[in-house]
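Asker: Now for the letters of each chain:
Protein chains: 2
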Amino acid sequence: VSEFRQDPTTGEWVIVAPERGQRPGAVPKFPARSEGPRREADCPFCPGNEALTPPEILRVPAGGGWRVRVVPNKFAAVVPQSSLQARQGDGLLVSRNGWGFHEVIVETPDHWRQMAQMDPQEVAEVLRVYRHRYNALRTEPRVKMVFIFKNQGERAGTSLSHPHSQLVATSLVPPFIQRRVEVARNYQHDTGNCLYCALRAVEAAAKERLVFESPHHMVLQAFAPRAPFETWLLPVRHYAAFGDIEEAEIDDLAQILRDTLKAIGTQLGDPDFNYLVHSGPMAQDQSSYYHWYLQIIPRIATAAGLELGTGLSVTTALPEETARLLREGWPPAASATEWGAR
Amino acid sequence: VSEFRQDPTTGEWVIVAPERGQRPGAVPKFPARSEGPRREADCPFCPGNEALTPPEILRVPAGGGWRVRVVPNKFAAVVPQSSLQARQGDGLLVSRNGWGFHEVIVETPDHWRQMAQMDPQEVAEVLRVYRHRYNALRTEPRVKMVFIFKNQGERAGTSLSHPHSQLVATSLVPPFIQRRVEVARNYQHDTGNCLYCALRAVEAAAKERLVFESPHHMVLQAFAPRAPFETWLLPVRHYAAFGDIEEAEIDDLAQILRDTLKAIGTQLGDPDFNYLVHSGPMAQDQSSYYHWYLQIIPRIATAAGLELGTGLSVTTALPEETARLLREGWPPAASATEWGAR
Chain A
1 VSEFRQDPTT GEWVIVAPER GQRPGAVPKF PARSEGPRRE ADCPFCPGNE
51 ALTPPEILRV PAGGGWRVRV VPNKFAAVVP QSSLQARQGD GLLVSRNGWG
101 FHEVIVETPD HWRQMAQMDP QEVAEVLRVY RHRYNALRTE PRVKMVFIFK
151 NQGERAGTSL SHPHSQLVAT SLVPPFIQRR VEVARNYQHD TGNCLYCALR
201 AVEAAAKERL VFESPHHMVL QAFAPRAPFE TWLLPVRHYA AFGDIEEAEI
251 DDLAQILRDT LKAIGTQLGD PDFNYLVHSG PMAQDQSSYY HWYLQIIPRI
301 ATAAGLELGT GLSVTTALPE ETARLLREGW PPAASATEWG AR
Chain B
1 VSEFRQDPTT GEWVIVAPER GQRPGAVPKF PARSEGPRRE ADCPFCPGNE
51 ALTPPEILRV PAGGGWRVRV VPNKFAAVVP QSSLQARQGD GLLVSRNGWG
101 FHEVIVETPD HWRQMAQMDP QEVAEVLRVY RHRYNALRTE PRVKMVFIFK
151 NQGERAGTSL SHPHSQLVAT SLVPPFIQRR VEVARNYQHD TGNCLYCALR
201 AVEAAAKERL VFESPHHMVL QAFAPRAPFE TWLLPVRHYA AFGDIEEAEI
251 DDLAQILRDT LKAIGTQLGD PDFNYLVHSG PMAQDQSSYY HWYLQIIPRI
301 ATAAGLELGT GLSVTTALPE ETARLLREGW PPAASATEWG AR
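Residue numbers (the working numbering), protein chains in the order written: chain A, 1 to 342; chain B, 1 to 342.
Hints in this document: simulated from the structure, not taken from any laboratory. Remember, predicted model here, so these are calculated numbers, not experimental data. Honestly, I wouldn't trust all of these hints.
Straight line, CA to CA, 35 Å or less: simulated DSBU-like cross-link-like pairs of lysine-lysine [unchecked claim]: (1) K144/B / K74/B; (2) K74/A / K144/A; (3) K207/A / K74/B; (4) K207/B / K74/A.
With the hints as constraints, model all of the structure from the sequences given.
Answerer: Here it is as structure tokens:
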């Protein structure tokens, strides 16, 4: 059973999950595209090895061979079995049970087909599964936050190379997220506007950090990036919960997400990366001041003492410059041929 | 010229420093102890190569062959030359000049002598230099924070293997630090006590995360660690500014810092690590509610999407268990012989 623990000096929480220490230790290497077999004998996410995962939550399509699959994380950071308890401790040292859901979304049966190589329709299918699980879990009364993310590559914290995303749903909303929500709420209080809608307007006018505008999303380089090529996919329509995304928006997001990952891969030589779906916590997911977005963070730098100790990250690339580089190669060459030629 | 930039959604700041992109790219490997030459021909921190660094700030002893040396960081995140300006931007996108001091403390002339191998007297000399520079910079009217830290090894963000620490002094106090100060201030407001003194009392009574108690410091495993074996060296005397450390406290700290690094090295196989000197910002460095401490973070795990997106770090080791492991091997075998035998 894992535990949330609160650092009394910062208010931040960590999850202490000893069971996760038993995860496969060896981190596999990622071969270049199109190399290697399409299936790995001992990969728990490859077809034929379905018995290696905990019992399936969702399979698409429902019967027969699957294209996307959702399973509980075998080495979960949080689990729904532990009973949710009130805070315990002697006042200074506070902990709570690590209650929650931790799911893995297996994005494709193909072990070596990374998202940047997929067709937009395949990415759309993954995003529809995100939406389905988000909406299933948001109705759980104790769930206060549904966070969806992807770790690709060793430097991004992945221990499995098969393309997959993760979903963590908890009863706890970390201060990190509360602060983000607070900033948006204060902005609306002060100005009457949504912070993210205002940002979109400023960036559309400034143009220098703008990579691409699709009908439903803006692709931009973060003004204050934590890493070179930090990219935001910002919805045009104002809504707080990823689960409320509509059909046309999913198709649009799938196309630009695939294109953005491909463009970053071209510029940086297929870097390891994380992407994060910043959706509103349940208390705010229908609010007028929050606005979800997807953030991509390439992992080409290492956080050192300054960042760990002060929160100040040092980045070496100007976002105005990385935006220019991404624009120059936009749209990236389509990968449909690779897929069709298999 | 580098720039501070504020993320409008979180209030966090980053430093955009394009010049740092020109740092030596290749990251050297760390050989096992006692291997290799004691001096590296192309290392800018080795004796004989003093001309490769910017003009020296401090040398100990003052004349002739040095034991500790302070120089400006050649690839500084902040520089004192840029004029300090008020916030600029259109309200949403805020930036400030990257004004400040960024210094390197070369801890020893010996290229391969890491701190865990030093004699306590050598470590004490390094700590006295920290104090000297801290106190020199805290009198600069524009300096609001002096942050001292050490990155050892590639995974800790070092590009140079020669033993060194760093000091960054800025006019900006990042929200990350402001929040830490706020938590301590609120605690004192609510209870009348110092949060860190209260923590020390709780940990002394609980004993399970306690590694060692010296006359002037407590060595403990963090209750809510961001990484396995996260260790705090907490001063017994209540004071906020590292610069106010006294002679006997320096000697005591040098001994337990060396011992702790050696013990962690033994348990984890000489991991890369950062250590951070959490001193109060200038506005609070004589306050009754803040209390400085030194935090050691071994870098054996990688922050993944969950931590980047929610601030929730997942750690696999129980601090009560790591405390037991460190206690079992305490005190670690002395290294004086190694040094004497050279």
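Asker: Which of the numbered hints are not met once you compare them with the structure shown?
Answerer: none
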